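Novice: Could you put together the complete structure from these sequences and hints?
Here's the letter readout for the chains.
Protein chains: 2
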Amino acid sequence: MTSLEISSSASTRRRNCCYSPLVEDSAFESSRKDMDEVEEKSKEVINVTTEKLPVDEVPQLVISALCGAVSLFVGTTRNNFEGEKVISLEYEAYLPMAENEVKKICSDIRQKWPVKHIAVFHGLGLVPGSEANIISAVSSAHRAASLEAVSYATDTLKAKVPIWKEEIYEESSSWKGNIECFGASNNEPLSF
Amino acid sequence: MTSLEISSSASTRRRNCCYSPLVEDSAFESSRKDMDEVEEKSKEVINVTTEKLPVDEVPQLVISALCGAVSLFVGTTRNNFEGEKVISLEYEAYLPMAENEVKKICSDIRQKWPVKHIAVFHGLGLVPGSEANIISAVSSAHRAASLEAVSYATDTLKAKVPIWKEEIYEESSSWKGNIECFGASNNEPLSF
Chain A
8 MTSLEISSSA STRRRNCCYS PLVEDSAFES SRKDMDEVEE KSKEVINVTT EKLPVDEVPQ
68 LVISALCGAV SLFVGTTRNN FEGEKVISLE YEAYLPMAEN EVKKICSDIR QKWPVKHIAV
128 FHGLGLVPGS EANIISAVSS AHRAASLEAV SYATDTLKAK VPIWKEEIYE ESSSWKGNIE
188 CFGASNNEPL SF
Chain B
8 MTSLEISSSA STRRRNCCYS PLVEDSAFES SRKDMDEVEE KSKEVINVTT EKLPVDEVPQ
68 LVISALCGAV SLFVGTTRNN FEGEKVISLE YEAYLPMAEN EVKKICSDIR QKWPVKHIAV
128 FHGLGLVPGS EANIISAVSS AHRAASLEAV SYATDTLKAK VPIWKEEIYE ESSSWKGNIE
188 CFGASNNEPL SF
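Protein chains in written order, with our numbering: chain A, 8 to 199; chain B, 8 to 199.
The set of hints was computed from the structure by calculation and includes no laboratory data.
Remember, predicted model here, so these are calculated numbers, not experimental data.
Don't take every hint at face value.
Where chains are identical, the list cannot tell them apart; a pair therefore holds if satisfied intra-copy or between any two copies.
Simulated crosslink set (SDA-like; lysine to any residue; CA at most 20 Å straight-line) [what the hints assert, rightly or not]:
#: 1; residue 1: Lys-59; residue 2: Ala-166
#: 2; residue 1: Lys-48; residue 2: Gly-136
#: 3; residue 1: Lys-92; residue 2: Glu-47
#: 4; residue 1: Lys-59; residue 2: Pro-135
#: 5; residue 1: Lys-167; residue 2: Glu-138
#: 6; residue 1: Lys-165; residue 2: Glu-155
#: 7; residue 1: Lys-48; residue 2: Gly-90
#: 8; residue 1: Lys-48; residue 2: Met-104
#: 9; residue 1: Lys-167; residue 2: Glu-106
#: 10; residue 1: Lys-92; residue 2: Ser-137
#: 11; residue 1: Lys-92; residue 2: Ala-72
#: 12; residue 1: Lys-110; residue 2: Trp-171
#: 13; residue 1: Lys-59; residue 2: Ala-72
Specialist: Written out as structure tokens, the structure is:
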């Protein structure tokens, strides 16, 4: 089973991950003098995965000795949508395109803000209630850059990354795309 | 030793905590129908403490089945300030006033945004490099509220809460207050 194969069974909770996190060093240009003898390289951790997202571990992925700020956003599956009880969400993506769009978001962030490390996770497959379906995290020397970058990352993930979701209710389900993605007008936005 | 007694020794890493987290239910007025049979009460977790801040645990404190969004800010001790190598930071607070100001921030947030749970942690005593000295976390149904509330919480903590810090360099140290707090003009701002 590849990471593109999404189970259509609502009874299947999550599959084992077959997609390793993409960790890349970045040619981060710091305007500050590095206080460490060994330069701490900037990194990007990108993971679009069927594994349960590691909410508790993500802050440590981006904390840097050079930085005073880490900002984090976690999208979680909420148990309701327009008065209906939601049991879980199921996400499906065209993985190569999704990865490329996330990489582009990381590149855009580095153009706009002096940030150090970036982590972006998106869940695929079934994501039950209260569980994370998206995480974006950024570290920076001062807080404004990481706060703005995380907000931008989340907005842009929603607008640009080709990921669809199915809301699974108690007795029915509904597939939804991203209203901003591909200019579709009849799709509803992701709810995080 | 009370929680107001701050060690002046840079060799003392952190003291045992003698201040329990303040967890309060809030009269959160939700405009949405609660999907759960049992109402999930809104809560506030406030902790100004000499214990190591639980970065990895805070997201779970605010995640709610009713919400699709959690935003988090973590201020960390960075290893440099204006070209000097910083070994650690030491924070001192007038605890009753600090607690009251944090409670007021939580109350203000609920006036401004429809949020569910709020957690605010601030470290006291020595905080070594790369360790968290502040955490603010908020959950909400949709992302804009929690992102804006976390930014507001962090800005307002800096502006209003009477906490001072000492930057401990390799061969010297420097006490600093909050430039916005009490209208002091000769103090430098906290660096997160």
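Novice: Each hint: holds or not?
Specialist: Comparing the hints with the structure gives:
Proximity of Lys-59 and Ala-166 under a CA criterion of 20 Å is satisfied in neither setting, with 23 Å inside one chain copy and 38 Å between copies. In this assembly of identical chains, Lys-48 and Gly-136 lie within 20 Å of each other by CA distance solely across copies; the values are 17 Å between and 36 Å within a copy. Taking the closest pair of Cα atoms, Lys-92 and Glu-47 come within 20 Å of each other only across two copies (15 Å); inside a single copy the shortest separation is 46 Å, beyond that limit. When the C-alpha separation of Lys-59 and Pro-135 is checked against a cutoff of 20 Å, the pair qualifies only within one copy, where the shortest distance is 10 Å, while the shortest distance between copies is 31 Å.
Proximity of Lys-167 to Glu-138 under the C-alpha cut-off of 20 Å is found in neither arrangement, the shortest distances being 23 Å within a copy and 34 Å between copies. For the identical chains of this complex, Lys-165 and Glu-155 are neighbours both inside a copy (16 Å) and across copies (18 Å), given an alpha-carbon limit of 20 Å. Proximity of Lys-48 to Gly-90 under the C-alpha cut-off of 20 Å is restricted to the inter-copy arrangement: shortest distance 19 Å between copies versus 47 Å within a copy. Taking the shortest Cα distances, Lys-48 and Met-104 never come within 20 Å of each other, neither inside one copy (26 Å) nor across copies (41 Å).
Taking the shortest alpha-carbon separations for Lys-167 and Glu-106, only the intra-copy value of 11 Å comes in at or below 20 Å, while the best inter-copy value is 42 Å. For the identical chains of this complex, Lys-92 and Ser-137 are intra-copy neighbours only, at 13 Å inside a copy versus 42 Å across copies, given an alpha-carbon limit of 20 Å. For the homomeric pair Lys-92 and Ala-72, the shortest alpha-carbon distance between copies (11 Å) is at most 20 Å, but the shortest distance inside one copy (44 Å) is not. For the identical chains of this complex, Lys-110 and Trp-171 are intra-copy neighbours only, at 19 Å inside a copy versus 40 Å across copies, given an alpha-carbon limit of 20 Å.
Taking CA atoms no more than 20 Å apart as the test, Lys-59 paired with Ala-72 passes between copies only; the shortest distance there is 16 Å, against 28 Å inside one copy.
Consistency note: the structure conflicts with the earlier hints numbered 1, 5 and 8.
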